[in-house]
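Engineer: Those protein sequence lines, which keep their order, are chains B and A.
Under the numbering used here, the first residue of the first sequence is numbered 1, with each subsequent residue one higher.
Under the numbering used here, the first residue of the second sequence is numbered 221, with each subsequent residue one higher.
Treat the hints as calculated values from the structure; they're not laboratory data.
Glycine included, each C-beta is placed from N, C-alpha and C at the ideal position.
One or more hints might be untrue.
[What the hints assert, rightly or not] Computed, partial: chain B to chain A, Cβ under 8 Å:
| no. | residue |
| --- | --- |
| 1 | A63 |
| 2 | Y136 |
| 3 | Y151 |
| 4 | R160 |
| 5 | R195 |
[Unchecked claim] Simulated DEER-style distance windows between Cβ atoms:
| no. | chain 1 | residue 1 | chain 2 | residue 2 | range |
| --- | --- | --- | --- | --- | --- |
| 6 | B | K2 | A | S321 | 20 to 30 Å |
| 7 | A | S262 | B | S15 | 30 to 40 Å |
| 8 | B | G90 | A | Q256 | 28 to 38 Å |
| 9 | B | K18 | A | T233 | 24 to 34 Å |
| 10 | B | L9 | A | G336 | 37 to 47 Å |
So the chains spell out like this:
Protein chains: 2
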Amino acid sequence: MKISEVCRLCGVTVSAAKYYVREQLVHEGVRVGANQTSYDESHVRRLRLVRALIETGGLSIAAAKRVLSELDSSERSMYSVFQAAEHAIGVGGASVAQPGSEVARGRIAALVAEWGWAATLDNPGLDFAARALDGYTSIGFDAPHEYLAAYADAAATIARADLLALATREHPDLIAELMVVGTVLGDALLAGIRRLALQNEAAALFPPTETTQIRKERPE
Amino acid sequence: MKISEVCRLCGVTVSAAKYYVREQLVHEGVRVGANQTSYDESHVRRLRLVRALIETGGLSIAAAKRVLSELDSSERSMYSVFQAAEHAIGVGGASVAQPGSEVARGRIAALVAEWGWAATLDNPGLDFAARALDGYTSIGFDAPHEYLAAYADAAATIARADLLALATREHPDLIAELMVVGTVLGDALLAGIRRLALQNEAAALFPPTETTQIRKERPE
Numbered sequence: 001m002k003i004s005e006v007c008r009l010c011g012v013t014v015s016a017a018k019y020y021v022r023e024q025l026v027h028e029g030v031r032v033g034a035n036q037t038s039y040d041e042s043h044v045r046r047l048r049l050v051r052a053l054i055e056t057g058g059l060s061i062a063a064a065k066r067v068l069s070e071l072d073s074s075e076r077s078m079y080s081v082f083q084a085a086e087h088a089i090g091v092g093g094a095s096v097a098q099p100g101s102e103v104a105r106g107r108i109a110a111l112v113a114e115w116g117w118a119a120t121l122d123n124p125g126l127d128f129a130a131r132a133l134d135g136y137t138s139i140g141f142d143a144p145h146e147y148l149a150a151y152a153d154a155a156a157t158i159a160r161a162d163l164l165a166l167a168t169r170e171h172p173d174l175i176a177e178l179m180v181v182g183t184v185l186g187d188a189l190l191a192g193i194r195r196l197a198l199q200n201e202a203a204a205l206f207p208p209t210e211t212t213q214i215r216k217e218r219p220e
Numbered sequence: 221m222k223i224s225e226v227c228r229l230c231g232v233t234v235s236a237a238k239y240y241v242r243e244q245l246v247h248e249g250v251r252v253g254a255n256q257t258s259y260d261e262s263h264v265r266r267l268r269l270v271r272a273l274i275e276t277g278g279l280s281i282a283a284a285k286r287v288l289s290e291l292d293s294s295e296r297s298m299y300s301v302f303q304a305a306e307h308a309i310g311v312g313g314a315s316v317a318q319p320g321s322e323v324a325r326g327r328i329a330a331l332v333a334e335w336g337w338a339a340t341l342d343n344p345g346l347d348f349a350a351r352a353l354d355g356y357t358s359i360g361f362d363a364p365h366e367y368l369a370a371y372a373d374a375a376a377t378i379a380r381a382d383l384l385a386l387a388t389r390e391h392p393d394l395i396a397e398l399m400v401v402g403t404v405l406g407d408a409l410l411a412g413i414r415r416l417a418l419q420n421e422a423a424a425l426f427p428p429t430e431t432t433q434i435r436k437e438r439p440e
């Protein structure tokens, strides 16, 4: 197919696609005439992945190249691709997490240990969560253990769903694409659904007739 | 106490505090001399709440006033305060959610109905979640029902923890403060912890020896 067709299928402009080819993020097409180059499904898959890395994941060209070189390595393991992508994708729109306090980092690390998670301390989520805890501390809310436990349980539930979704895809490019998009959009999906759930809980905890005092127990 | 002491306790500058008093977000102190005004605990609580609304929640002065007038109303219900705050606080850093497609909005609304949540269609979470779904659709991932179900379960778990945390506070100003801060920081805490959980699930789904194909079942 022509590059314009590839671009239409991927939702990128022709100039962006040519730029990604020049930067070697996408492999070149096959020259089939003096003025014509032919592209196939493999270009569609790769261009979609590049778009996911750069537009959705917010990666620099250099960072995207590192993820793609993991993916194209003959020694590739999807875990190493996952690690390269996750390390490069910022959390909450921040490309580099500000470090949390030692106390907060320690509490999140203890949570990870208690839940038995195979997660490493260089995971950008650690500082991001720790900084949120620091914010709670600054308003005098010390986020008791059962509060963090609920968050850990919730995170485990959705992480399992996210990884099972990856298993529905066969081609490594498509798996990597959903990894990146799911990491970013999963946060947004959850933040949105959480708002709806919060409204429901607020309606239960603060019944409309309630005017002065918050009830300690929820009405059945 | 002096205004400088109030500001120290709240972590705001004196000029910001004076501005909030002038804008009637915080009540005036008691004049105790020609050049001296005295403030008390009630000013500390209110100034902290104003800081949470404006700095953490990202509300405009006008929106913060609306939330505070709900809070100060003689007819106040904490539910109406909650609604005013939640409506004003954007999701994911966006003050106004772009509308999702009708299909995606319909799927999120159906999820809310299935979970039996008392949530209304003007909840900003609806469009935010719907737009995330639209993003998934654009990469050919149609987010099957069990995927959305995991997200809804997770959201219910943390929303319950969030609202129970509010019940640990007695004063309406403090309850409202934690509502606002918890709505914003809860998303960040969850996004961070989710990253740690994702790494754990990836390690299980993509064992290090795996080089080519993603496994459909997880090793025990």
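Engineer: Confirm or reject each hint.
Structural biologist: Cross-check of the supplied hints:
Among the interface hints, the one on A63(B) is violated; its C-beta lies about 16 Å from the nearest C-beta in chain A, farther than the 8 Å criterion. Hint on Y136(B) holds. Least Cβ distance to chain A is approximately 6 Å, under the 8 Å limit. Hint status for Y151(B): holds, given a least beta-carbon distance of 5 Å to chain A, under 8 Å. Because the smallest distance between the Cβ of R160(B) and any Cβ of chain A comes to about 6 Å, under 8 Å, the interface hint for this residue holds.
At a threshold of 8 Å, the smallest CB-CB gap from R195(B) to chain A is about 3 Å, leaving the interface hint in force. Remark: the range hint 20 to 30 Å for K2(B) to S321(A) is upheld by a beta-carbon distance near 29 Å. The supplied range of 30 to 40 Å is broken by S262(A) and S15(B), whose beta-carbon atoms lie about 60 Å from each other. The beta-carbon spacing between G90(B) and Q256(A), approximately 48 Å, falls outside the hinted interval of 28 to 38 Å.
A beta carbon spacing of about 51 Å between K18(B) and T233(A) contradicts the range 24 to 34 Å that was offered as a hint. One distance hint, 37 to 47 Å for the beta-carbon pair L9(B) and G336(A), holds here, with the actual separation near 40 Å.
The structure does not agree with the numbered hints 1, 7, 8, 9 stated previously, though it agrees with the rest.
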